[in-house]
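Protein chains: 2
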Amino acid sequence: MQTTDWRQDRLRVKTLLQAEESPGEVFVQGWLRTVRRSKGVNFLALNDGSCMDSLQIVVEEGSPAFTTAATLGTGACVGVRGTLVASPGEGQNWEVLATQLVVYGEASESFPLQKKRHSFEYLRSIAHLRPRTNAFGAVFRVRSRIAHAVHSFFQERGFVYVHTPIITANDCEGAGEMFRVTTLDPENPPRVDGRIAWHEDFFGSKTGLTVSGQLQGELFATAFTDIYTFGPTFRAENSNTSRHASEFWMIEPEVAFADLADNCRLAEDFFRFMVTYALENCRDDLEFFNKFIDSSLIGRLEKVAATAFQSMSYTEAVERLQMSDQKFEFPVEWGCDLQSEHERYLTEKIVDGPLFVTDYPEGIKAFYMRRNDDGRTVAAMDLLVPKVGEIIGGSQREERLEVLEHKMRAFDIHPDSMDWYLDTRRWGSCPHAGFGLGFERFLMYITGMENVRDVIPFPRTPGNARF
Amino acid sequence: MQTTDWRQDRLRVKTLLQAEESPGEVFVQGWLRTVRRSKGVNFLALNDGSCMDSLQIVVEEGSPAFTTAATLGTGACVGVRGTLVASPGEGQNWEVLATQLVVYGEASESFPLQKKRHSFEYLRSIAHLRPRTNAFGAVFRVRSRIAHAVHSFFQERGFVYVHTPIITANDCEGAGEMFRVTTLDPENPPRVDGRIAWHEDFFGSKTGLTVSGQLQGELFATAFTDIYTFGPTFRAENSNTSRHASEFWMIEPEVAFADLADNCRLAEDFFRFMVTYALENCRDDLEFFNKFIDSSLIGRLEKVAATAFQSMSYTEAVERLQMSDQKFEFPVEWGCDLQSEHERYLTEKIVDGPLFVTDYPEGIKAFYMRRNDDGRTVAAMDLLVPKVGEIIGGSQREERLEVLEHKMRAFDIHPDSMDWYLDTRRWGSCPHAGFGLGFERFLMYITGMENVRDVIPFPRTPGNARF
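If you read the protein sequences in the order shown, they are chains U and G. Reading the first sequence from the start, the letters are residues 399 to 865 in this note's numbering. Reading the second sequence from the start, the letters are residues 399 to 865 in this note's numbering.
Check before you lean on any hint, since a few could be wrong.
Mimicking SDA-like on lysine to any residue, the simulated pairs with C-alpha atoms at most 20 Å apart in a straight line are [stated by the list, open to error]:
# : chain 1 : residue 1 : chain 2 : residue 2
1 : G       : 604       : U       : 575
2 : U       : 604       : G       : 859
3 : U       : 604       : G       : 586
4 : U       : 604       : U       : 583
5 : U       : 412       : U       : 532
6 : U       : 604       : G       : 729
Bear in mind the hints are in silico, worked out from the structure with no lab data behind them.
Please take these sequences and the hints and turn them into a complete structure.
In C-alpha cells, the structure reads:
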C-alpha cells in the first residue's frame with residue numbers, strides 16, 4: 399500500500415480509506431467522533447484530521463478490546479490495532495475489525511462536542527476544540543492547502559517570497575488604523591515637556607503593526623523583478639462585521655516592468671489557479687461545504703475557473719450603473735467610491751462573472767497609484783466577483799519621482815519621512831505594479847463560509863483575543 | 399527555448415543564461431550592475447535578480463543604442479532588445495548584441511552602490527538598496543527558496559499548516575519578554591483606581607505579540623494529528639547581539655501520538671531535507687557564500703546531509719564534558735543549562751557532527767515539557783550542530799492533566815488562566831511532541847552569514863525599525 403506518511407509505525411485514516419487492497423493488520427490513532435453500541439458489537443467512528451471521513455472501527459463481543467470499547471465516549475483518543483477489511487456498510491470501502499484498543503485520553507460526557515449540531519457562534523467560543531468538528535476540520539484543511547497553493551503559484555513562476563516587517567515605524571501606509579507596539583511603562587511613561595518621549599521606546603520611535611507589506615515589497619521588486627509577500631497584517635478598526643478581523647493574512651505580489659494590463663493578467667492567472675487548485679485538491683471538503691453551507695458553491699467555482707475575466711473602466715462602470723433600472727441605496731456618481739451594492743450589481747447582473755474595474759478617480763485611491771495621462775484618474779484595478787464583490791485591489795505604482803512627491807504632499811505625507819521609498823524612484827526607477835488579496839476573504843469565497851471568524855484558527859476582533 | 403516565465407513578452411536573465419540555443423531576438427529588462435566602456439563598444443552587466451550572474455550586453459558603435467549606452471551609469475534600469483549570441487568572453491555562454499535600449503530610470507553617480515566593496519554594516523543602513531548587491535541577492539533568493547522548502551516538506555507529509563495568532567492575551571508562554579499591543583491613548587489612558595483599565599483596551603484585555611505559536615499549535619495537533627506553524631514571533635529583549643532580532647520567523651511542527659524519539663526523527667528528517675534542498679536548488683548562491691563568506695560551508699552542508707545524527711542524554715553530555723580536558727569559562731555541573739561553549743564542544747569535538755541532547759533537568763526547561771519517570775528530568779531535546787550550537791529545541795509535551803497542573807503552579811502560572819490549553823488534556827488527551835526552528839538561525843547556518851540582520855529583509859532590533 400502506498401503511504402505518504404512520514405512514520406512507518408502509523409497509518410493515517412485517509413491512507414486506509416483510499417487503500418487499493420488491505421495490508422492486513424494495521425495500527426491507527428485518532429479521536430472518536432461517534433460511538434454506537436448494538437447487541438454484541440460497538441461501532442467507533444475514528445477521525446484523525448487527515449480527511450473529512452472517519453474510519454469505522456468494529457469491536458465485536460469476542461474481541462479482547464470489547465470491554466474497553468464499552469467504556470469509551472465521544473471525544474476519546476485511542477489507538478486501534480486490527481485488520482482492515484472490506485466494509486459491508488454503505489458509504490465506505492473499508493473498516494477495521496479491532497483486536498486491541500489503546501486508550502490515550504478519555505472524554506466524559508462533559509466534552510462539549512457531543513453528537514449534535516452546534517451553531518457556528520457557539521463553536522467560536524470553543525475555538526480550541528472546533529477543529530474536531532466536520533466543518534472546521536474542512537475549513538482548516540482547505541486553509542492549509544490553499545496557503546501552499548499560494549507559494550506554489552509564485553515559486554513556480556520565479557517570484558521571490560519576501561517577509562516584509564510586521565513592526566513598522568511608518569504611519570502613512572494609509573490602509574487603516576494601526577495598533578501601537580511599545581515597551582514603555584504604560585503606568586508611567588517617560589516624558590519630555592509633558593509629552594511621551596517616543597524616542598525612548600524600544601525601537602527609538604513610535605511603532606505599530608503593519609497594515610500592508612506593499613511599500614517594502616516594492617523595494618524588493620526593484621531588485622528581484624517579481625516578488626510576493628504572504629504574511630499577517632493588522633487593522634485597529636472597531637468594526638464588528640462578519641467580514642473584518644483585526645489580524646489577517648495578505649498576499650501581495652509586486653512586479654517590475656509591469657503595467658496595469660500585466661497586473662490584471664497576473665491577478666486573473668493567480669485567481670484561476672487558486673480556484674482550480676481547490677477544486678482539484680480539496681474536493682471532499684468542498685463537497686461538504688456545497689452540501690451544508692452553500693449549494694451553489696462548486697458550480698460557481700467551476701464557472702470561474704472556466705471563464706475569461708472581463709474588464710471595464712471605472713468611468714464605464716459608473717455609466718452602466720447609472721443606466722441600469724436598479725434602485726441603489728447610495729446614488730452613483732463619477733468621483734465617488736463604489737459601494738458594495740454597486741460592485742455586486744456590476745459583477746452579478748451586468749457581466750455575470752469576474753470583472754476588473756480599472757482607472758479610478760485619483761482622489762479616492764492611495765497616494766502611490768500611478769497618475770494616468772488624463773490627469774484625473776489613476777492606474778488602479780479592483781477585481782470583483784459574484785457573491786463577494788471586491789476581492790483583489792491593486793494598481794500600477796507611480797514611478798516618476800516628481801509626480802510621486804507631488805502626490806505625497808497632496809496626501810499630507812512629508813516626502814522626507816519616506817526617503818527610502820523615494821530612493822527607488824531616484825536611482826533605477828522602473829514601472830511596476832502589484833495587488834493585494836486578503837487570504838481570509840479568498841477562503842470565505844472558496845468555502846462559502848460567511849463569517850471571517852470561521853476561517854481563522856483563533857480570530858482577533860474588537861474585544862476578543864482569547865486562546 | 400523553455401521558459402518558466404509567466405509573461406510572454408519578457409525573458410528573465412536566468413532563462414537566457416541557461417539557454418540551450420539562441421532564440422534569436424530577445425527582450426530583457428533589469429538593472430545595470432556595471433558599465434564598462436572600451437573604444438567603440440560598451441559592455442553593460444544586466445541583472446534582474448533571477449540569479450547571481452548578470453547578462454553581458456554588448457553595444458557596438460554601429461548600433462542605434464550606442465549613444466544611449468554612453469549615458470548610462472551603474473544602477474540604471476533599462477530594457478534591452480537584441481540578439482542572443484554565443485559569448486567569446488570567459489565565464490558566460492551567452493551575451494546580447496543590443497540593437498535598442500529603453501531607459502526606464504537613470505542613476506547618477508550619487509547611487510550608493512557604485513562598483514566597490516561595501517561592508518555589511520554599511521549595507522544595513524541602506525537595507526532598501528542592498529538586495530541589488532550580489533551578497534544580498536543571494537541571501538534573499540535562498541531565503542525565499544528555503545521558505546518554500548519548509549512548506550513542501552510538511553505538506554508532502556500530510557501536515558496541516560496553521561496560522562497561529564500574532565496578537566495574544568497569554569503572558570505565560572515563557573519564551574521571552576513581550577511587546578505590548580494597544581490602542582489606548584498613551585498620553586491619557588483610561589484608569590480605574592489609578593491603574594490603567596486594560597479591559598478598555600482594544601481586545602478587552604492586556605495583549606502582546608506572540609513569542610511562540612506552540613500552545614495554539616498543540617490545540618490543532620489534537621484534531622489534525624500532524625500540524626506545523628511558520629510565522630513571525632517576537633522578543634522584546636534589549637540584547638544587541640549578532641544572533642538576536644526582535645522580530646523573526648519560526649517553524650514549529652507539533653505531532654500527536656509522538657514521543658521524544660519520534661520528535662528527534664522528524665527533526666533529523668526535516669533538517670536533512672532542508673540542507674539537501676539548499677544544496678540542490680540554491681547551488682549558485684551557495685557557491686558564492688562558499689567563495690566569499692565561509693570556505694568550509696558547502697563541505698559542512700554536504701557532510702550533514704550524508705551523516706546520521708547522534709544522540710546522547712543531558713546527563714551523559716555533562717559527564718563527557720566533565721571528563722574532557724577542555725577548560726570552559728563556565729563550569730559544567732548537572733542541573734545547569736549548557737552554555738554555547740559546551741554545546742559547540744559537544745557537537746564539534748566530541749561527536750563531530752549533529753547531535754541531539756535529550757532529557758534535561760526539569761528545573762531549566764519550560765512548564766509544558768513532559769516529566770520523565772525519573773522524576774527529575776523532562777523529555778526535552780536540543781539539536782546541536784557544528785559552528786552554530788543549538789539550532790532546534792523541542793520536547794514531548796506533558797499530556798497528563800494532573801502533572802501539568804502541578805507543573806504550572808510550580809511555574810507560577812494559574813491553571814485557570816489557560817483553561818483552553820488544559821481542555822486538550824481534559825478530553826481526548828494524547829501524547830504529543832514538537833519542536834521549534836528559528837528560520838533566521840537556519841538561514842545563517844546555510845549561508846554562512848554571521849549576523850542575523852543580514853538574513854532578514856528589514857531587521858528589527860533595539861533602536862531600529864527603519865524602512
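Quick one: which hint numbers does this structure break? Sort them smallest to largest. 6
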